[in-house]
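**Q** Okay, here's what each chain looks like letter by letter:
Number of protein chains: 2
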Amino acid sequence: MGDQPSSTPNSLYYDIVIVGAGPVGLMLSTCLARLGYKIKHIDNRAEPTPTGRADGIQPRSLDLLRNMGLKSAIMENKPARVYEVAFWDPDGSNGVVRTGTWASCPAFIDARYPFTTLLHQGLIERVFISDLEKNGVEIQRPWKITGFKSDEKENPEYPVEVSFEHTDGTSRETVRAKYLFGGEGARSFVREQLGIGITHKDPIAHVWGVMDGVVKTNFPDIRMKCTIHSAHGSIMVIPREKNMVRLYIQIASSTDPDWSPRKTATAEEVQASAKRILQPYSIEWETLEWYSVYPIGQGISDRYTLDHRVFLGGDACHTHSPKAGQGMNTAFLDAQNLAWKIHAVEAGFAKRELLRTYEPERKEVAENLLSFDNKYAKLFSQRLPAATEVQAASKHTNGHLEDNEFIKTFKEAHPAQSRLIHPKGAKLRTGRLMANADVTRVVDANIVHLEQEIPWNGSFRIYIFAGKPSVTSRALKDFAFQLGGKRSLFFTICTIFAAARNEIEISRDLPGLLSRYRDLVYADDRWDRRVPDAAAAAHAKMGVDEEKGGVVVVRPDGYVGIVTSLVEGTGTIDALNAYFDAFCVKKTADSRAQL
Amino acid sequence: MGDQPSSTPNSLYYDIVIVGAGPVGLMLSTCLARLGYKIKHIDNRAEPTPTGRADGIQPRSLDLLRNMGLKSAIMENKPARVYEVAFWDPDGSNGVVRTGTWASCPAFIDARYPFTTLLHQGLIERVFISDLEKNGVEIQRPWKITGFKSDEKENPEYPVEVSFEHTDGTSRETVRAKYLFGGEGARSFVREQLGIGITHKDPIAHVWGVMDGVVKTNFPDIRMKCTIHSAHGSIMVIPREKNMVRLYIQIASSTDPDWSPRKTATAEEVQASAKRILQPYSIEWETLEWYSVYPIGQGISDRYTLDHRVFLGGDACHTHSPKAGQGMNTAFLDAQNLAWKIHAVEAGFAKRELLRTYEPERKEVAENLLSFDNKYAKLFSQRLPAATEVQAASKHTNGHLEDNEFIKTFKEAHPAQSRLIHPKGAKLRTGRLMANADVTRVVDANIVHLEQEIPWNGSFRIYIFAGKPSVTSRALKDFAFQLGGKRSLFFTICTIFAAARNEIEISRDLPGLLSRYRDLVYADDRWDRRVPDAAAAAHAKMGVDEEKGGVVVVRPDGYVGIVTSLVEGTGTIDALNAYFDAFCVKKTADSRAQL
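Chains as they are written, first to last, in UniProt numbering: chain A, 1 to 595; chain B, 1 to 595.
Rather than coming from a laboratory, the hints here were simulated on the basis of the structure. All values derive from a computational prediction rather than experimental measurement. It is possible that part of the hints are untrue.
[Unchecked claim] SDA-like cross-link-like pairs, simulated, lysine to any residue; straight-line CA separation at most 25 angstroms:
(1) B/K71 - A/Y113
(2) A/K71 - B/M75
(3) B/K78 - A/R126
(4) B/K427 - B/A103
(5) A/K242 - B/D131
(6) A/K71 - B/R66
(7) A/K71 - B/I109
(8) B/K153 - B/A347
(9) B/K38 - B/I447
(10) B/K78 - A/Y517
(11) B/K477 - B/C494
(12) A/K149 - A/A186
[Unchecked claim] Computed far set for chain A versus chain B, every beta-carbon distance over 12 angstroms:
(13) E47
(14) P50
(15) E173
(16) L194
(17) H232
(18) A480
[Stated by the list, open to error] Derived DEER-like restraints, expressed as beta-carbon distance ranges:
(19) B/R529 - A/P455: 23 to 33 angstroms
(20) A/P50 - B/P106: 46 to 56 angstroms
(21) B/P455 - A/E503: 35 to 45 angstroms
(22) A/T199 - B/P532: 49 to 59 angstroms
(23) A/P50 - B/P114: 40 to 50 angstroms
(24) B/D91 - A/D519: 18 to 28 angstroms
(25) A/N135 - B/R352: 52 to 62 angstroms
(26) B/P511 - A/E241: 25 to 35 angstroms
(27) B/G92 - A/S515: 23 to 33 angstroms
(28) B/V97 - A/S470: 14 to 24 angstroms
(29) A/G569 - B/R529: 37 to 47 angstroms
(30) A/E503 - B/P106: 41 to 51 angstroms
Where a beta carbon is used, it is the ideal one built from N, C-alpha and C, also for glycine.
Next comes chain A alone, as it looks inside the complex:
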């Protein structure tokens, strides 16, 4: 990676130019830097976000950050954790009264960390920046992009030319790159230059005021996330790190008779309004860290890419109200999706066409996000959202917005057909996350979280649920033989037996290639409350046969790619080949996979 024509100066050729060092740009940069790509990353701000802005990390994103080894650095900032949302409504006289509470991450979602993590964006950015520094990438700031063009015919290897300048206009630079990524937020220069329009899903626009600070109050739920409606208006309360509180107040809506997107309010006006709304409780500000007013319209970028060389992601592609707390999380996943696909293509594993799946996959997620946000925002601004209403609004998204993401797009693009694929009983679904499960690692008897055992490394993870060793012995041998003897950087393989740890002998029970991954062999011998009667809880949670086993392939971004049975002969490898052949460079239909 990072190769360039030897006759040209090194410093002018990059694998990718990333514009914008917010969540989406930093995640992309961090993933690609770890894989050794040469990155030019610029941002037009002199330093990371000092205060305010996005601040909610959802459970799924926390798993992902943990898988990248970044969770503990984030948790060191002692963020607030939201487990429940409280609903307050008019009490009939002049005040408000709590009418219900609802779990932030309901119990039917089996999350390791069933809460939203809240801390300000700058602290999150710094965690990424410090990781980037370890890989030799420094954000060049304050610099802004001034122009770019992309022409594969002119330069097939480095088709993109990008120009920048220091924001004070004193320096200029032009480089060539294989890719350009615009992660500059709602007012994306890259998107505007490409002339890509925004489709507004909901014609209603809003003006929001948002305020961070430390308050003194006797309002009992000040450390909870609250939706408060009163005769005097509505507020959303979000707890923050360092004992701070964030208040969102809707200042104007395009449904108001006197609507103007320029309508504003001073911090004092918002504070006075908050005092009226919170009656009979009192509230005073000890410190005011940040206050901002901004108009928000819901919209999705018509395209996410120009030519699969210039890409957009994050807020540059989707804008919406801040209240669902999903913006940063969607941005992270945009970036992860693009990162592994660029890697797979550039490293010669996948066909270049794989990059065409970025836009449809991520656009569908954004559509779901906006549809959720739309319902949520309407409830909020139209007053009186009972807990049950919110539950209904978020029902088909589970608050995670993962439904259907991959199902239509990737499945439709996939010719893989086999009676082994998605066998009866399989609980995992393509495009969803693998279930979490505790297992015992065989080599050291450590109890570990299976879904975290393979750290993010850009590879596909192949989980062989090997059932009962006595039953699957032949199938495992056949599978291992067909996998061949080669290790591949694009696959990490682990094996989970439905047996007690002390019954497993790696040298005896694991054939060839598999026994070389000896640190990734597990005993499915931990009890799990979610499947209390299962003999092998991890098998049961995946919906894999506890005796005969099965194989689960998880994409580099954590989504399930395919689930197959584990059978004797070539059936299992044939099913995997059918999946991979759809986008891989090498044809593997001879039942000897290039894994």
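Position chain B against the provided structure of chain A, taking the given hints into account.
**A** Coordinates of chain B only, in the frame set by chain A:
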């Protein structure tokens, strides 16, 4: 604290002089520095332990380090974790075969972290040193103590005079202090100067070789703790951080016909011996980080103190084989025990006599430790310890050595007698740790670990298990009234209701003083596998009545002090007063506790 006669120069007067910056000295220093005491801390080594030495942190110590906010810094070093011990014995021919495994922390112990954490002592020392720096304490090194005297008549406030010099002899210093602590290890200068003898519990002495390094081997349990016996001798294997392994080999025993405590072996000889013992498996060293040979005799210091001004702790008081992995853990608890007692006395809360309990409490723990070590070491050196034998040897200590520690000493010293104390059903016992329990914090609905909710702060923790609010309303009001309106630095109070979080209204359900600790109010509404049928799992785990509640007092070092019923009238406060009056300065028998 840190006051001294105003006519004398500040720099010559200290609250305490601590000699030795190993685990015991650093723990004492860290505790007292956090409470604001003025500390002179010296060590005769130029820098922290570079390699080798003690490296096992037991589950109970990990809880304690977590409670001090030091766990994550330790875990950042990615230590090895031992969940199981494997036993290997002669296979009848010339090799070894696994004959069993045993949990390192058996399931009947309800530990949050049921494993031993292994990393080298220097990394642990650095975590403490970095915490000390935050509190302005720097270890003065390489300096050694050259003399001391203690005379309360001559100087009642600063009775101890201590002299030091730089190890190169170039500088000298003499200071006065309220206390002197010798934590210099087995060859303690302070202990020798005091002429305190060592009682050897077991006349058998041993010479040990210990070796740290990275190995290449096909021995399947190389990442487990193993006890290996063969026709060629015995080895203990301990996994370490950074893929290292520690091997302990017994080189000589005083039971050998040719016994000499000076017997030694080179690293090469030990490696050759290990190769023979591990047959039929192979082992080669890729790196050798540390190798040392040392004679070990089991012994306990006859006294732990001269005059309750000069104290000893850690290895200066108890030496034993390294194999039980308890040395550092006992050292930590020696230090914590002394720290809170010095604080209680110096801050005017407790009578000076409280310091007399340090020696008997800690000596009994050391006796238990040696008795455990003795049995364990005998099994090890006499060959063929079946898993069942080890189980039997450790039965009455649970591998934690906490049994009976406080029971005899503190209980005997305690005149507290009341039918409310240790009510029927109470599962907590004086001198044991409080059970762990998940609860929901009322103010923010966070699910938390109750036993960790009050960070180490030198105070007694009063857990009011408040049962059902409707049942205990009167009892709580009476108790709060008798507590009086004052907060005390010596008590931190939290309240746990046997009710769902959303049924608890702090302003309504908590009287006076208690409602001021609003961040420390909890709902006992989490299901626990250990008490699956309990409606209020935390109450049930403590053995406290789920309706009527009860009060648990936990000492600053984490041991349960007293458990009482929660009753209407003055009974509960009378029981607490009886407990505290035994060692507190202020008489509180008027049923208005000075809490």
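**Q** Work down the list of hints and note, for each, if the structure agrees.
**A** To see whether the hints hold, each was checked on the structure:
For the hint linking B/K71 to A/Y113, the alpha-carbon distance of about 19 angstroms falls within 25 angstroms, and the restraint holds. Of the pairs offered as hints, the one joining A/K71 and B/M75 holds, with about 13 angstroms between alpha carbons and a cut-off of 25 angstroms not exceeded. For the given pair, B/K78 sits about 22 angstroms from A/R126 by alpha-carbon distance, which is consistent with the 25 angstroms threshold. The hinted pair formed by B/K427 and B/A103 meets the criterion: a straight-line CA distance of about 24 angstroms does not exceed 25 angstroms.
Annotation: proposed proximity of A/K242 to B/D131 holds, straight-line Cα distance about 21 angstroms (limit 25 angstroms). Proposed proximity of A/K71 and B/R66 is supported: the alpha carbons are some 18 angstroms apart, at most 25 angstroms. Pair hint A/K71 plus B/I109 does not hold up; C-alpha atoms about 29 angstroms apart against a cutoff of 25 angstroms. Distance check on the hinted pair: B/K153 and B/A347 sit about 21 angstroms apart at the alpha-carbon level, within 25 angstroms; holds.
Proposed proximity of B/K38 and B/I447 is contradicted: the alpha carbons are some 38 angstroms apart, above 25 angstroms. Proximity of B/K78 to A/Y517 is assessed by CA-CA distance (about 20 angstroms); at most 25 angstroms being required, the pair is judged to hold. Only pairs whose Cα atoms come within 25 angstroms are accepted, and B/K477 paired with B/C494 is accepted, the gap being roughly 15 angstroms. For the proposed pair A/K149 and A/A186, the alpha carbon gap of about 21 angstroms is at most 25 angstroms, so the pair holds.
Distance check for A/E47 against chain B: the nearest CB is about 26 angstroms away, which clears 12 angstroms, and the non-interface claim stands. Every beta carbon of chain B lies more than 12 angstroms from that of A/P50, the smallest distance being close to 25 angstroms; the non-interface claim holds. A cut-off of 12 angstroms between C-beta atoms confirms that A/E173 is not in contact with chain B; the least separation is 38 angstroms. Against chain B, the non-interface label of A/L194 holds: every CB pair exceeds 12 angstroms, the least being about 44 angstroms.
Annotated as non-interface, A/H232 keeps its C-beta farther than 12 angstroms from every C-beta of chain B; the closest such distance is 23 angstroms. No Cβ of chain B comes within 12 angstroms of the Cβ of A/A480; the nearest lies about 19 angstroms off, and the non-interface call holds. Between B/R529 and A/P455 the beta carbons are some 29 angstroms apart, a value that agrees with the proposed interval 23 to 33 angstroms. Between A/P50 and B/P106 the CB atoms are about 51 angstroms apart, so this pair conforms to the stated range of 46 to 56 angstroms.
At roughly 42 angstroms, the beta-carbon separation of B/P455 and A/E503 lies within the given 35 to 45 angstroms, and the hint holds. As the Cβ distance of A/T199 to B/P532 is approximately 53 angstroms, the hint placing it in 49 to 59 angstroms holds. The hinted window of 40 to 50 angstroms between A/P50 and B/P114 holds, with their beta carbons roughly 43 angstroms apart. For B/D91 and A/D519, the Cβ-Cβ distance of about 26 angstroms falls inside the hinted range of 18 to 28 angstroms, so the restraint holds.
The hinted range of 52 to 62 angstroms is satisfied by A/N135 and B/R352, whose Cβ atoms lie roughly 58 angstroms apart. In this structure the hint that B/P511 and A/E241 lie 25 to 35 angstroms apart at CB holds, the actual value being about 31 angstroms. Look at B/G92 against A/S515: about 26 angstroms separates their beta carbons, and that is inside 23 to 33 angstroms. As the Cβ distance of B/V97 to A/S470 is approximately 21 angstroms, the hint placing it in 14 to 24 angstroms holds.
For A/G569 and B/R529, the hinted distance range of 37 to 47 angstroms is satisfied, since their beta carbons lie about 42 angstroms from each other. Between A/E503 and B/P106 the CB atoms are about 19 angstroms apart, so this pair departs from the stated range of 41 to 51 angstroms.
In the structure shown, a violation is registered for the earlier hints numbered 7, 9 and 30, in ascending order.
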